[in-house]
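So you can see what is in the structure, the chains are spelled out below.
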Amino acid sequence: MTERVGVYVCHCGSNIAGTVDVVDVANWAAEKLGRQGVIIAREYKFMCSSLGQELIEKDIKELGLTRVVVAACSPHLHEKTFRTAAKNAGLNPYLVELASIREQVSWVHSDKAVATAKAKAVVSGAVSRVIENAALEEIKVPINPNTLVVGGGIAGIQSALEIANAGFHVYLVEREPSIGGHMAQFDKTFPTLDCSACILTPRMVEAGTHPNITLLTWSEVTNVAGYVGNFHVTIKKKARFINEELCTGCGICQEKCPKKVIDDVYEAGLGYRKAVYTPFAQAVPNFPVMDKENCTYFIKGTCKACEKFCPTGAIDFNQQDEMLHIDVGNIVLATGYDLFDARRVSNYGYGRLPNVFTSLEFERLSNAAGPTSGNIVLRDGKTTPKSVGIIHCVGSRDKNFNNYCSVICCMQGLKFAHLVHERTGATVYNFYIDMRTAYKAYDEFYQRVLEEGTLFVRGKVAEVTNAARNEREKGKLIIQVEDTLAGKQRRIPVDMVILSSGLQPRADAKEVGKMFGISCSMDGWFTEKHPKLDPVATMTEGIYIVGCAQGPKDIPSSVAQGAAASARVLDKILQKEVALEPIKASVNQALCSGCKICNGLCPFNAITFIEDDKVTSINPALCQGCGTCVAACPAGAISGTGFSNEQIIAQIDGLMMRNLEPIVA
Amino acid sequence: MPQMTDERVRAGMTREEDLSLLNEVSMKTAGVSHLEMCIQCGTCGGSCPVAADMDHTPRMLFAMLRAGMREEVLRSNTPWLCVSCYHCVVRCPQEVHIADVMYTLKGMAIHAKLYTDSTAPHFSQTFVGMVETFGRGYELGLATRHYLRHFPLRLPGMMPMGFGHDLEGAYGDRAEKNQTHGSIDEDPGPRQGIGVDLMNKYLLYPGCSMDSSAKAYMESLNSIVEPLDLHLEEIEDWNCCGATEYLGINLIPAYSLIARNLALASKQMDSGTRTVVAPCSACYLNLAKADYYMQERPTLGAKVNEALAAGGLEYKAGTLDVRHLIDVLVYDVGLDAIRKAVTHPLSGLKVVPYMGCMLPRPDYQHRWSDHEHPTELDDLLRALGADVIDYPLTTSCCGGHMTQIGPETAFELIHRLVSDADERGAQMMVTVCPMCQMNIDAYQNEMNHFFGTNFHMPILFFTQLMGLAFGKAPNEVGIGVELVSSRNALAHIGVEVPVTQEPAAPRKKDEGLPMPRRWTKHEGKKEAVK
Amino acid sequence: MTTKPKFAMYWAASCGGCEIAVLNTHEKILDVDANFDVVFWPVAMDAKYHDVEAMEDGSILLTLFNGGIRNDENEHIAKLLRQKSKILVAFGSCACEGCIPGLANLSPVGDIVHTAFNTITTDNPNEIYPRTSYDVPEGELHIPTLSRMVRPLEQVVDVDYFMPGCPPESHQIAAVIDLVIKVVKGEAELPPKGSVIGCGDSTVCDECPRARNVKFIKEFKRIQDVAPVDPTLCLLEQGIPCNGPATRSGCNARCPQAGAQCIGCYGPAEGVMDYGARLITAFSSVIDANTPEEIDHILDGIPDPTGQVYRFNLAGSLLKANREVWKVKG
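Residue numbers (the numbering used here), protein chains in the order written: chain A, 1 to 665; chain B, 666 to 1195; chain C, 1196 to 1525.
To be clear, the hints were calculated from the coordinates, so they are not data collected in a lab. For glycine and all other residues, C-beta sits at the position ideal for the given N, C-alpha and C. Among the clues, some could well be false.
What the hints assert, rightly or not - Listed below are the simulated DSS-like cross-link pairs for lysine-lysine, each with C-alpha atoms no more than 25 Å apart in a straight line: (1) B:Lys880 with A:Lys399; (2) A:Lys87 with A:Lys140; (3) A:Lys188 with A:Lys440; (4) A:Lys474 with B:Lys1015; (5) A:Lys510 with A:Lys529; (6) A:Lys45 with A:Lys87; (7) C:Lys1522 with A:Lys118; (8) A:Lys238 with A:Lys529; (9) A:Lys140 with A:Lys474.
Stated by the list, open to error - With the C-beta cut set under 8 Å, the calculated list includes, among others, these residues of chain A facing chain B: (10) Asn146; (11) Glu255; (12) Lys259; (13) Leu270; (14) Tyr350; (15) Pro371; (16) Ser373; (17) Asn375; (18) Arg397; (19) Ala462; (20) Glu463; (21) Thr465; (22) Val481; (23) Gly487.
My request is simple: use the sequences and hints to build the entire structure.
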């Protein structure tokens, strides 16, 4: 029985029609492909519109179409649209094929004759192929209602709380001993100048005590297997060397510990902590961790002061790392950012000149709970600066370092200006290329800082030096910059320089992405599904990215994204099951000779070997239809639905117009 | 490149503004200029050491360029004041080839005769004339002709320097093609039982100064090749690299002039090496830059090879490895070998290392530890046992040819360097570049007069100190010919003092906040300091 | 007078091994003689082409045609025998897929002739090459013309059954003969037209007794460089490129059982469309490497991929011949 094929050629406005003669293609299909079974060929301005879809539905019902070819844009965009239309009309959605004559033809050719001929070939290929298509049914699998949130910064916390409040269980995994992320390091937040800890810690406590949240701090994800609705995750809970059941968080161990170490993480290298420590007073959870690399006991075998003084005997030097295996249905990645290493910009002297500070260092200086109790002082620990220069765009918007804009540094620079004024009364200069204060109440904040008397110089600072040229400059840090608005080079002596350093993807973002099966952009941020319309989803179903892991952004945006991801996750959970594409591989066991060549290839662990029958078998639930085993099987015993030999050969024959004009042998 | 300018001009859509100016300047610049990418951030204007003397900051000049203000741009003194220290180039966030655009503007200004002060263009033309006649620069003749034309009153004061140039040596050898220099091998064979190690073999491009104003550099280099088992084979019939003068006249002849040396060197590669070493920073920069631009912009490479073909030569960009002498000493020979060869450590001698600007920048081949504060010279001097003082101006420009063209500007730059070194307690400055040495040495007197100061800061070549450390006598390494005498400074190292390691100071209580660790570009990759 | 059904066997571009294989059925050959009237079998009896031309169409019940179609004589006889036969079997690898003669498809015919008449051992100073026709007083002499490429039988005529193997195993030939005799007697049905007979329906691995595991190949080696070869373990796993995984079963895995790797003489397995492509993918899939350089290095262990995977199957593959051959106008 020959199939009854309907061909629909889309103009896509002038996107396709501007280069391809779509009317000609439709007429040609009706005339020349009649032998293949084409009984109707139409062209329409916008096939994806509801009217366009109705055309297809009507023809299916009235003409009894058994196959449909839509020649339009890439399947990425509208395959689902047309498949749904077919389904609504009663035709199995997998009997619909998309022929891309936009991305593959009109967008890459300018010669109309060539483009039209190519479009015809593409349509011919699609028609030949669709005839070989088989009707397939989606496989439904249940969704595990648990969720994994990786990263306990503000975005991760927000996401976890929303899902937990909806009544579903969340595992919140955090690499550091406490949740809170970078926001816990800040002093005040712009533009409201809310104390960062004051607005963050209530959320932290909520997350820490929520009955639906399992908090796993000082832990890392080591392996992810499975697919949306059914992820199997392995988490390494690193040894704290503290028994959490017995520890009361009294803090005596920290007090008594004799080993002081520079705190590179929380105090940004400006302060100290002990070898056994909680990173900050409001840490959640409140259990300390022991830093094995610096603990005297682990190095030399002596001390054990913490153990001696612990009132509940909670110190456990023999504690081992624990491996946990959990099953979740969805995963939210909220792994945050790293600060740009300002030592790379050697002309700013960070690391060489003592009184040059980075943004995180300044936050710690300014913070009342910081190493200087909130006093803004120079590197000597005591002198209050009388003049401060704040440099914007350090390591950002710069082809020598990071090409992109880090979004928050202008507001951050203004915030620093305000704080310095408030605390020290010093003269403050801000050096900028452009003032980027775009969001709600941001430009008003700029106005406020202007009112306070900060001196703004429009110019990217060329260098910070201590080579004085005259008495005025002696003993100071001299900022050399072109004041572009005044049109001349200026040398401005200051006591302290603050670098508004840019944000960077985490150093291990690529490896983390690989583990979860998502990709990173050229700059290293995780790639979202669509930059405009789907910023929290990824190309991998069930994995979401929120906060700075997706790209530099401020706190309100991070919170919004965290909530957005939660909505998507809840949507999936409430549907109870997810429909899997039926594009799968399967083994014809009569042909399988048990050579095991395919056994090691499956990235989804869907292949198993049945010893008794000495043949291979594929689990359709785990199989993602990637096609690796189909290609590899030397006996041709594995076929992939949707990509069979017959379909591919038919498509090639169609493209070559084989069935229309015989090739001269 | 933006296509709009040509079409718009032709369509008559432009009026007084000459929007084709940007395109024209871009086309005429070596490499890919990226001029259209300028975001007017002002880094260039902020970095420029001579910005205060310029009519327009570089940034402003580019804004005018893009606005099509042709006459104002070409009349501006800005390109003429550019000392090509490349600070702007390495810092520009949009990778605009600023210094090379300045060269283009110089050429266009000469062509359109729109310069206001003729000192600089005339100097360039004199230089070019000299090179085209003799093939190599002849500083005495050049200076004489130039000063007679523009600064006659300065001539008497320049006499000591003239005599210091050793007339006979300089002009007399010009006719000879193959210059041989003492122990530098032309035909290396086994020496003293040690087989020739092709690893230590290099093609030497001496550069014009080594015969005249930097004779001491040459002599001291000769004295250290043996202890370090270095084999330098001079490139036959090499010509002047064009310094900074030729680049401002005309693009293709300038690069062909440089590339001729590369072509000649590539013919000598079968002696076992493809590395060209140049002791002079400007020569090094020119050779390295030409090789890089010929690769970056194949049309430049093709045109240059067309010119070279007229002389039966050709050069395929990328064939040779161009390096500076100090690069070879620190990274190939290695600080360990140097330390081993030291018999008379320079302990007690307080030096500041002055790398100069053209060495660590623009560094297209990524050889240096840092663009701003490289540590190669510091480390090498430490290996000799000297007391190295941290010198923030180690790569700030000495003024280059401004001593010839705009002396006051040059004196300001020299003053900054010398006074800062003095401020930090240095007994001498040590450098790697003949131009830097000459400027700071020969013009220190005039600078002192200009500022009413009384500095006496000797400046020697690092190879001279190496020679001393290897046990050579001062006269063997050209010490004594410098105008600002190093006698007093060297008196400090007359006695051998054993070097002791200071124990790490115990951490004091009130020491202030901790500093982040010291870091350089090659952190982890190259460990120059042991 | 006898009404025994007629039998013919013909060799085109082949080596003669298939004939030997038939004779190697030992006593079975007597069954052939007993049950059939052999009317045309150049290797075994004297008969002329005009004898065949004189026969009625469809009068030969069974013709076993071995050898590929290399020249116009092969083609002419193939068509003739098709006309005169009821059941035409493409017998042996040459007729099924081109086999060794098919490797000629790596060079244009002109090059082949030129080389043949210009080797180191041939003295041809006047550059003399054969002509395909020559006039003599008695008429025109004609020798067969070489076609553009070697073709399997089915590319020239309609084929009823295929018997793969180089040569087909004698026990398989015996089984087929038995089947045909039974069919003649009305005791059995012929398999569907187009079937591949005299073989199994899986791959050589199915018949191979060696143990096998998931493979991680770090190096491909020649068998003589592997010392010692483990007689119980899969050869591919030991780094020896064995074509067994893609090759049709039916031979009892003779070669692997004897300690040599399968070279693929039984042609593609049932599910395989292009034999060489399948094997290349299979070999690539088991390479254990992390960098492109490592992969290249490991693949260097198969220095002649065409010879390795297309030794028997080149003419019968999807591409049939290489580009130079296709470029020559047919």
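Here is how each hint holds up against the structure:
1. For the given pair, Lys880 (chain B) sits about 41 Å from Lys399 (chain A) by alpha-carbon distance, which is inconsistent with the 25 Å threshold.
2. The straight-line distance between the Cα atoms of Lys87 (chain A) and Lys140 (chain A) is roughly 17 Å, inside the 25 Å bound, and the hint therefore holds.
3. Restraint check for Lys188 (chain A) and Lys440 (chain A): satisfied, since their Cα atoms lie roughly 17 Å apart, inside the 25 Å limit.
4. The suggested pairing of Lys474 (chain A) with Lys1015 (chain B) holds, with an alpha-carbon distance near 22 Å, which does not exceed 25 Å.
5. This hinted pair checks out: Lys510 (chain A) and Lys529 (chain A) have alpha carbons roughly 17 Å apart, not beyond 25 Å.
6. In summary, the hint linking Lys45 (chain A) to Lys87 (chain A) is supported, as the alpha carbons are separated by about 22 Å, within the 25 Å threshold.
7. Annotation: proposed proximity of Lys1522 (chain C) to Lys118 (chain A) holds, straight-line Cα distance about 24 Å (limit 25 Å).
8. Among the hinted pairs, Lys238 (chain A) with Lys529 (chain A) is inconsistent with the structure: their alpha-carbon atoms are about 33 Å apart, more than 25 Å.
9. Between Lys140 (chain A) and Lys474 (chain A) the CA atoms are separated by roughly 75 Å; this puts the pair beyond 25 Å, and the hint is violated.
10. Hint status for Asn146 (chain A) relative to chain B: violated, with the closest Cβ pair at about 42 Å, above 8 Å.
11. Using the Cβ-Cβ criterion of 8 Å, the hint placing Glu255 (chain A) at the interface with chain B is not satisfied: the shortest such distance is roughly 19 Å.
12. With a least beta-carbon distance of about 13 Å to chain B, the hint placing Lys259 (chain A) at the interface is violated under the 8 Å criterion.
13. At its closest, the beta carbon of Leu270 (chain A) sits 5 Å from a beta carbon of chain B; the interface hint therefore holds under the 8 Å criterion.
14. A cut of 8 Å between beta carbons decides the hint on Tyr350 (chain A): the least distance to chain B is about 7 Å, and the hint holds.
15. Checking Pro371 (chain A) against chain B by beta carbon gives a least distance of about 7 Å; that is within 8 Å, so the hint holds.
16. Taken as an interface hint, Ser373 (chain A) does not check out: its beta carbon lies about 13 Å from the nearest beta carbon of chain B, beyond 8 Å.
17. A least Cβ separation of about 11 Å between Asn375 (chain A) and chain B goes past the 8 Å threshold, and the interface hint is therefore violated.
18. Because the smallest distance between the Cβ of Arg397 (chain A) and any Cβ of chain B comes to about 6 Å, under 8 Å, the interface hint for this residue holds.
19. Interface restraint check: Ala462 (chain A) against chain B, minimum CB-CB distance 3 Å, threshold 8 Å, status holds.
20. Interface restraint check: Glu463 (chain A) against chain B, minimum CB-CB distance 7 Å, threshold 8 Å, status holds.
21. A distance limit of 8 Å between C-beta atoms decides the matter here; for Thr465 (chain A) the minimum to chain B is near 6 Å, and the interface restraint holds.
22. Residue-level restraint check for Val481 (chain A) holds (minimum Cβ-Cβ distance to chain B is 4 Å; threshold 8 Å).
23. For Gly487 (chain A), the interface hint holds, since its Cβ comes within 8 Å of a Cβ in chain B; the closest pair sits about 6 Å apart.
In this structure, the hints that do not hold are numbers 1, 8, 9, 10, 11, 12, 16, 17, in rising order.
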